[in-house]
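Asker: Spelled out, the chains give:
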Amino acid sequence: MFDYCAEPGVLSGLTWWSCYLTTGKQFDFYLSFGTVLLLLGLTMPFILLLGFSGALARRSRFLPLRWLGLTYTSMVRGIPDIIFFMFALIALDQGIEYLRHIVLCPDWTEPIRQGSDFRVCPAAKMPLGNSPQWVHEVYGFFLAMIGFAVVFGAFAANTIYGAMAAVPGAQLETGAAFGMSRRQVFRRILLPQMWVYALPGLSNLWMILVKATPLLFLLGVEDIVYWARELGGAKTARYEYPHGDWRLGYFLVLLVFYLLLTWISERAFARLTRRVSRGQMSAGGTV
Amino acid sequence: MSCAETFAAYALRAVGIGERLLPRADITFCEQAILIGSGMIWNIYFAVLALALGFFLAVGVALARASDRWVFRAPAQAFIFVFRGSPLFIQFFIAYETFVLIPKAGFDISLGFIDITAETRWLTKAWLGALIVLFLNTSAYTAQIFHGALMAVPKGDVEAADAIGMSPRTRFRRVVFPTMLRLAWASYTNEAIFLFHATTLVFFSSFPAWRQKGDALYYANYFADKTFNPFVPYPIIAAYFVLFTLLLTLASGLVNRRLNRHLRGQRQ
Numbered sequence: 007m008f009d010y011c012a013e014p015g016v017l018s019g020l021t022w023w024s025c026y027l028t029t030g031k032q033f034d035f036y037l038s039f040g041t042v043l044l045l046l047g048l049t050m051p052f053i054l055l056l057g058f059s060g061a062l063a064r065r066s067r068f069l070p071l072r073w074l075g076l077t078y079t080s081m082v083r084g085i086p087d088i089i090f091f092m093f094a095l096i097a098l099d100q101g102i103e104y105l106r107h108i109v110l111c112p113d114w115t116e117p118i119r120q121g122s123d124f125r126v127c128p129a130a131k132m133p134l135g136n137s138p139q140w141v142h143e144v145y146g147f148f149l150a151m152i153g154f155a156v157v158f159g160a161f162a163a164n165t166i167y168g169a170m171a172a173v174p175g176a177q178l179e180t181g182a183a184f185g186m187s188r189r190q191v192f193r194r195i196l197l198p199q200m201w202v203y204a205l206p207g208l209s210n211l212w213m214i215l216v217k218a219t220p221l222l223f224l225l226g227v228e229d230i231v232y233w234a235r236e237l238g239g240a241k242t243a244r245y246e247y248p249h250g251d252w253r254l255g256y257f258l259v260l261l262v263f264y265l266l267l268t269w270i271s272e273r274a275f276a277r278l279t280r281r282v283s284r285g286q287m288s289a290g291g292t293v
Numbered sequence: 003m004s005c006a007e008t009f010a011a012y013a014l015r016a017v018g019i020g021e022r023l024l025p026r027a028d029i030t031f032c033e034q035a036i037l038i039g040s041g042m043i044w045n046i047y048f049a050v051l052a053l054a055l056g057f058f059l060a061v062g063v064a065l066a067r068a069s070d071r072w073v074f075r076a077p078a079q080a081f082i083f084v085f086r087g088s089p090l091f092i093q094f095f096i097a098y099e100t101f102v103l104i105p106k107a108g109f110d111i112s113l114g115f116i117d118i119t120a121e122t123r124w125l126t127k128a129w130l131g132a133l134i135v136l137f138l139n140t141s142a143y144t145a146q147i148f149h150g151a152l153m154a155v156p157k158g159d160v161e162a163a164d165a166i167g168m169s170p171r172t173r174f175r176r177v178v179f180p181t182m183l184r185l186a187w188a189s190y191t192n193e194a195i196f197l198f199h200a201t202t203l204v205f206f207s208s209f210p211a212w213r214q215k216g217d218a219l220y221y222a223n224y225f226a227d228k229t230f231n232p233f234v235p236y237p238i239i240a241a242y243f244v245l246f247t248l249l250l251t252l253a254s255g256l257v258n259r260r261l262n263r264h265l266r267g268q269r270q
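Going down the list, the protein sequences come from chains A and B.
Residue numbers for the first sequence follow the numbering used here, so the first one is 7 and each next one is one higher.
Residue numbers for the second sequence follow the numbering used here, so the first one is 3 and each next one is one higher.
Please note that the accuracy of each hint is not assured.
According to the in silico footprint, chain A covers these stretches of chain B (three or more CB under 8 Å from chain A) [as the list claims (entries may be wrong)]:
hint : stretch
1    : 82-88
2    : 134-143
3    : 160-174
4    : 221-234
In case anyone wonders, no lab produced these hints; they're calculated from the structure.
Everything numeric in this text was worked out from a predicted model, so none of it was measured.
A virtual CB, placed ideally from N, CA and C, is assigned to each residue, including glycine.
Please construct the entire structure, taking both the sequences and the accompanying hints into account.
Answerer: Below, the structure written as structure tokens:
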């Protein structure tokens with residue numbers, strides 16, 4: 007980055023640090039913080055959407071749909087999220103390739119599962135074998151995103167279902183007494199009021215989501231944990247910037263990052279709670 | 003190999019008893035179910051010990067957090083903030099890297115009837131190192147729950163205890179503590195379930211599985227890698243976890259009935 011960094015071997019002190027911290031790999035590390043924030047930002051809308059659909063399915067008057075909603079919302083209570091992630095990653099990957107295989111290679115006669123192999127025709131590979139590296143990375147990130155959305159969507163569905171049930175029944179009856187249809191009662195009375203009840207649960211969900219992002223590393227995404235391990239590992243004199251095992255230092259940086267993130271989130275949610283409680287008939291409400 | 007033979011060979015494989023080599027080729031459903039079940043021993047070991055020990059630390063930390071004295075309150079707040087504010091996964095990494103740096107040494111501990119040499123290298127093994135992290139982690143979460151409940155103990159109850167002349171000690175033991183536990187129980191059950199599920203992280207976060215002695219997810223992942231078919235091992239491990247979570251919920255319900263026994267007949 008700087009001109010004087012051309013000969014790292016002779017540097018020492020502050021100049022060494024200024025060069026070490028501005029290498030290309032270090033910038034990959036800095037950018038990976040963005041990956042984490044991107045995952046959080048991109049996934050949250052899908053989580054809310056899935057949560058909303060799950061809650062509505064559970065309230066449905068149509069029995070099979072209600073069962074579907076109940077299964078979806080109760081699965082996260084029984085099964086650890088990490089099992090879901092690891093399963094969803096391979097299952098989605100194989101599922102997509104299987105579908106593409108059927109569509110793209112109808113003449114293929116060999117079985118797909120041969121012993122311990124999963125073999126689809128080359129055209130059905132996802133991403134294609136000759137795709138550039140970034141396509142593989144984006145695809146991996148995309149699969150991880152789906153995994154996160156499905157698991158945390160179930161959490162959100164539980165919260166939203168509870169919040170919808172918490173809106174005082176008398177209010178809904180009042181709406182009905184005014185001659186509103188079921189849909190109108192839902193849109194004009196239930197929906198605006200449920201947020202107050204949903205917010206504590208959703209803020210909790212956000213905290214759990216933030217603290218689950220290091221699992222991206224297990225899903226093969228090059229996130230901050232990946233780079234912390236990569237850069238922190240001992241570097242021999244063959245490297246430009248040799249140093250001992252600095253992984254502890256790197257992980258302490260991650261610790262500070264997460265503490266900051268959760269601390270800021272907590273304060274933001276406290277403000278939001280005050281805001282949505284305005285004019286509500288609840289203990290925290292101000293008229 | 004019949005299923006009974008497989009059971010004999012692999013049922014205790016996770017703790018190092020039985021067949022040394024894991025199944026490699028022609029993996030049967032039976033082998034998967036038994037080996038993953040064997041791994042559950044570790045998940046249950048971590049969950050039971052961390053929760054049992056964490057309960058006591060959590061009560062202490064919650065009381066310190068509620069203290070008027072700054073010297074008690076500040077450390078308790080910092081402890082809760084650090085362990086609740088950061089991912090367990092990162093905590094595992096940091097703990098492991100720290101434990102590795104500790105010089106190797108042995109300490110003789112005399113228990114009166116037996117002498118044990120405690121070695122610092124045990125800390126880098128999952129059975130102790132990961133247990134310590136889980137113990138501290140659940141203590142922080144539980145302390146926060148207990149602190150909330152402590153603040154919600156009705157003032158009238160405490161004043162009534164004072165009025166009939168209870169000493170602070172008796173008041174805590176007979177009024178404050180039972181009420182706190184009762185108020186906190188639902189959230190505490192949730193935390194217990196979360197911790198139980200978090201035990202699956204142990205062998206995926208630096209702590210090595212020595213001689214392939216791992217937990218249920220370690221074996222499920224092993225089979226998924228070997229057979230390249232995730233549709234068998236993962237549903238098996240999911241079923242195990244659903245079963246044990248159900249047992250945990252039932253046990254918690256029984257404790258809850260006991261805690262609320264004076265309310266029998268009313269809505270609980």
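Asker: Of the numbered hints stated earlier in the document, which are not met by this structure?
Answerer: 2, 3
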